[in-house]
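> Take the sequences, apply the hints, and build the full model.
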Amino acid sequence: MNSQPERPTMDIVVCIKQVPDTEELPHIRVNRETNTLVRESAKGIINPFDENAIEEALRLRDAKGGRVTVISMGPPQAEEALRKALAMGADQAVLISDSSLAGSDTLATSYTLAMGIKKIGSFSLLILGKQAIDGDTAQVGPGLAEWLRIPQITYARKIEINGNKIRAERALEDAFEKVESTLPCLVTVTKEINIPRYPSLKGLLSAKKKEVLVWSADDLTLDRKRIGLEGSPTWVIKIFTPEAPPKGEVLAGEMPEVADRLIEKLREREVF
Amino acid sequence: MDFTLSSDQRMILEMLDEVCEKEFAPRADEISETGEFPSENVKKLAELDLFGITIPKEFGGLGMDYATWTLIAERISKACATTGLIFGANLLCSYPLEEYGTEEQKKKFLPPLASGQSLGAFALTEPEAGSDAGNVQTTARKENGHFVLNGTKIFITNGEVADIYIVIASTDKKSGPRGLTAFLLEKGTEGFSFGQHFEKMGLSALPNVELIFNDCRVPTSSVLLKERRGFKVAMGTFAAGRIGVGIGALGIAEAAFEKARAYAKERVQFGRPISSFQAVQHMLADMATKIEAAKYLLYRAAWHLDRGEAFEQLASMGKLYASEVAMEVTTKAVQVFGGYGYMKDYPVERYMREAKLFEIIEGTSEIQRGIIANLILKER
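Each protein sequence line maps, in turn, to chains A and B.
Okay, so the first sequence: first residue is 130 according to the working numbering, each after it adds one.
Okay, so the second sequence: first residue is 98 according to the working numbering, each after it adds one.
Hints in this document: simulated from the structure, not taken from any laboratory.
None of the values given here were measured: they were computed from a predicted structure.
Incorrect hints may appear among the rest.
Unchecked claim - Computed far set for chain A versus chain B, every beta-carbon distance over 12 Å:
#1 A231
#2 T266
#3 K320
Said to hold, decoys possible - Straight-line Cα separation of at most 27 Å, DSSO-like style, residue types lysine-lysine; simulated pairs:
#4 A:K337 to B:K141
#5 B:K356 to A:K287
#6 B:K362 to B:K119
#7 A:K193 to A:K394
#8 A:K193 to A:K320
#9 B:K362 to A:K320
#10 B:K154 to A:K339
#11 B:K356 to A:K172
#12 B:K141 to A:K172
Every residue, glycine too, gets a C-beta built ideally from N, C-alpha and C.
Below you can see the structure in the form of structure tokens.
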């Protein structure tokens with residue numbers, strides 16, 4: 130008899146972020162005083178790259194066994210995103226939500242998520258989307274790997290697991306790079322890696338019955354100086370919509386005459 | 098009275114809307130152009146468990162009601178009428194199985210239908226048996242504990258792509274409709290083959306196929322319900338199927354209306370959008386009003402079906418009205434688009450061609466009026 134506790138072969142944690150649906154861009158408002166998005170003004174969706182991360186985790190689990198845990202840090206409504214991940218087939222979902230976490234930059238976010246992941250327990254693989262489409266920083270993944278002191282492979286467009294090793298193909302700007310690492314490891318994935326599934330009806334209905342664990346800051350062992358605004362060295366000074374450039378003037382007419390008028394206008398403005 | 102959707106329904110429709118918008122609607126023009134069976138769409142419907150909505154949980158389905166099925170079929174048809182009809186024709190196989198099948202038949206055929214692993218079809222129509230459904234010429238002769246089928250079916254939706262067929266044949270020619278029997282057949286049965294694929298005015302990717310039975314032997318266990326009860330099976334199936342056909346027509350009407358409305362707001366003539374002209378406004382108002390009316394006839398028919406109450410009259414009314422509304426709305430949509438509407442560059446001419454089928458299949462408008470008249474005249 131094996132006395133060791135039974136450990137699934139492939140425990141995977143996926144970090145996801147709820148972002149505003151870009152298709153609703155015209156309706157998204159910004160609070161001018163706090164320089165933050167008015168989250169209620171836009172429908173939230175799972176960050177598209179994170180859907181690829183979930184899909185990859187589900188495929189690996191289905192091939193190798195194990196559990197997929199999805200974790201997110203965000204306001205209470207981020208639970209919707211986690212529910213969708215459960216409907217896609219994730220086994221467990223955790224939401225870290227606390228008003229003291231508001232204003233977190235990528236450093237504070239990666240710290241808090243790292244503490245949440247530690248609470249979840251051991252894992253073989255940690256998968257994220259390559260970046261979130263709202264902030265576009267691509268910093269939380271690498272930050273997390275540092276906090277957790279595990280190797281990281283960013284921009285993976287293909288991964289392969291063999292025993293305790295992972296091989297990945299990284300999509301760099303001008304080349305593909307093949308790398309290998311031991312597990313546990315953090316991977317951020319690109320769109321190319323797969324086509325995320327839609328949740329099936331059975332998935333949707335069973336997700337309703339699964340619980341989304343909600344952890345507050347107190348539920349985690351956190352250094353208060355490292356979270357929220359206080360733990361964030363990045364401060365947003367101003368967020369604004371760029372002003373549309375003034376409309377150009379169209380000179381219509383016959384060729385030589387229009388050219389003369391153009392030159393005249395340029396001279397008026399002392400371009401030359 | 099309650100018109101609110103349940104939280105499950107809202108959740109399912111939200112997911113489905115995304116699939117329709119991203120997968121089905123963008124491919125609808127191409128499907129119609131090439132006439133190629135949309136197997137990708139069918140695969141997607143299967144992956145999402147949509148084929149199993151009404152099938153009981155014990156047979157691998159979701160055990161949800163027909164009202165939910167109706168809402169789903171409306172969305173699919175709005176995005177792609179071809180896919181909507183493939184989805185609907187499948188119900189013509191799963192519904193009678195649920196309704197009239199033996200435990201054994203259900204165990205064998207419902208799980209693959211629920212998972213979408215198998216598609217279903219229903220075959221009654223013959224060259225001489227259309228509106229006159231009792232005039233089936235295909236025969237099933239009893240022989241050593243078997244039935245031997247001979248004859249030809251035409252226009253069968255999902256023909257050849259389907260794996261499971263319900264076939265109506267005469268086991269007693271002298272008795273007319275009372276001599277009809279329904280059989281469950283699998284593709285690949287010896288003596289069962291496919292003939293012509295019919296070319297149509299619209300919905301070119303929807304398979305409508307000739308089925309040929311040539312000394313096709315099936316065991317007596319393949320009889321659905323009972324010998325000589327085939328007409329009852331057919332009529333019961335058609336009654337439910339009319340909700341499906343009506344909802345398909347409604348989906349097309351909704352798609353055409355939305356396109357026309359958007360175009361009317363954009364199209365500028367005489368220096369202003371044509372939606373500011375009363376003539377166009379009245380067309381849009383009529384379209385929207387009739388769509389709403391058709392919708393609630395069909396929803397209510399499904400609601401009665403779910404409650405185990407008589408729904409046949411409402412199903413016929415809904416099918417009749419929705420298909421005629423679809424014809425009218427799509428014709429008006431072409432009118433709103435003007436010259437562009439007649440061009441293949443815009444989908445409204447396609448909607449118009451597609452809508453016409455719905456006034457014919459599953460009982461023509463004339464047959465529906467006959468059924469409705471019969472039922473209302475029975476009442477005092």
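> All the hints need checking, so say for each whether the structure fits it.
Status of the hints after comparison with the structure:
1. Every Cβ of chain B is farther than 12 Å from the Cβ of A:A231; the closest lies at roughly 28 Å, confirming the non-interface assignment.
2. With a least beta-carbon separation of about 27 Å from chain B, A:T266 lies farther than 12 Å from that chain, consistent with its non-interface assignment.
3. No Cβ of chain B approaches the Cβ of A:K320 within 12 Å, the least distance being about 14 Å, so the stated non-interface status holds.
4. Note on A:K337 and B:K141: the hinted pairing holds, with a Cα-Cα distance of about 22 Å set against a maximum of 27 Å.
5. Only pairs whose Cα atoms come within 27 Å are accepted, and B:K356 paired with A:K287 is rejected, the gap being roughly 41 Å.
6. Of the pairs offered as hints, the one joining B:K362 and B:K119 holds, with about 24 Å between alpha carbons and a cut-off of 27 Å not exceeded.
7. Distance hint between A:K193 and A:K394 is unfulfilled; the C-alpha atoms sit about 71 Å from each other, more than 27 Å.
8. A C-alpha spacing of about 23 Å is found between A:K193 and A:K320, which places the hinted pair at or below 27 Å, so the restraint holds.
9. Restraint check for B:K362 and A:K320: not satisfied, since their Cα atoms lie roughly 36 Å apart, outside the 27 Å limit.
10. Straight-line distance between C-alpha atoms of B:K154 and A:K339 comes to about 19 Å, which keeps the hinted pair within the 27 Å bound.
11. This hinted pair checks out: B:K356 and A:K172 have alpha carbons roughly 24 Å apart, not beyond 27 Å.
12. Using a Cα cut-off of 27 Å, the hinted pair B:K141 and A:K172 holds, with the two alpha carbons roughly 25 Å apart.
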